[in-house]
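Q: Sequence lines, in order, name chains V and B.
Numbering follows our numbering, with no gaps: position 66 of the first sequence is 66.
Numbering follows our numbering, with no gaps: position 28 of the second sequence is 28.
A few of these clues could be false.
Derived EDC-like pairs (lysine to aspartate or glutamate); straight-line CA-CA distance at most 16 Å [said to hold, decoys possible]: (1) V:Lys106 / B:Glu68; (2) V:Lys49 / B:Glu104; (3) B:Lys11 / B:Glu28; (4) B:Lys14 / B:Asp86.
None of these hints come from the bench; they were simulated from the model.
Computed from a predicted structure; not experimentally measured.
In case you want the letters, here they are:
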Amino acid sequence: AQSVTQLGSHVSVSEGALVLLRCNYSSSVPPYLFWYVQYPNQGLQLLLKYTSAATLVKGINGFEAEFKKSETSFHLTKPSAHMSDAAEYFCAVRTNQAGTALIFGKGTTLSVSS
Amino acid sequence: DTGVSQNPRHKITKRGQNVTFRCDPISEHNRLYWYRQTLGQGPEFLTYFQNEAQLEKSRLLSDRFSAERPKGSFSTLEIQRTEQGDSAMYLCASRPDKGAPSYEQYFGPGTRLTVT
């Protein structure tokens, strides 16, 4: 069965500092991986996705993630945090064999202080 | 694209009452999904439609839950005899039928249900 683990339910950084949100996945077949962001009382917005075309994926708002098969990881990074990055971030996985639904991690809340 | 819309945005109901939520997907998106998100958790899959056919249902979808997509456009999710444990955010998502399996799902703003 596929699963996603997000290490750290809450991450706090200072404005301008590096953002690192961790995601590890479990899948017996090549996965498709996604990072979504959710602002309070809103739906989820796609940040970026891994589709096997390239291991380093660039997304919106300066975020990027690197797929590492050997580590079964897909960590999200941003070189310099902005106050507007404060939100909840979800990593998700899906495969063809598992049906079409996304399987989400429990999420990481990012706080950015000035 | 006008985006996925959901109504109502908030619903407060008393335990035992029935509630119905509506989701309007992005035009021409044949696939529609319902998820439930409780506090401190990621969204959990409930059910999936391809056009009007309900193709997959999660174990989370108890007998009190029913979903429809009668004409392959909008969808409704009904919860009968609501319980306090049903309090959650109900999210709808859609995507085109064609395209690579990696194609992302587009989410609506959700309906927040509070059962008192």
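Q: For each hint given before, does the structure comply? Return the numbers of the non-compliant ones in rising order.
A: Of the numbered hints given earlier, those the structure breaks are 1 and 3, listed in rising order.
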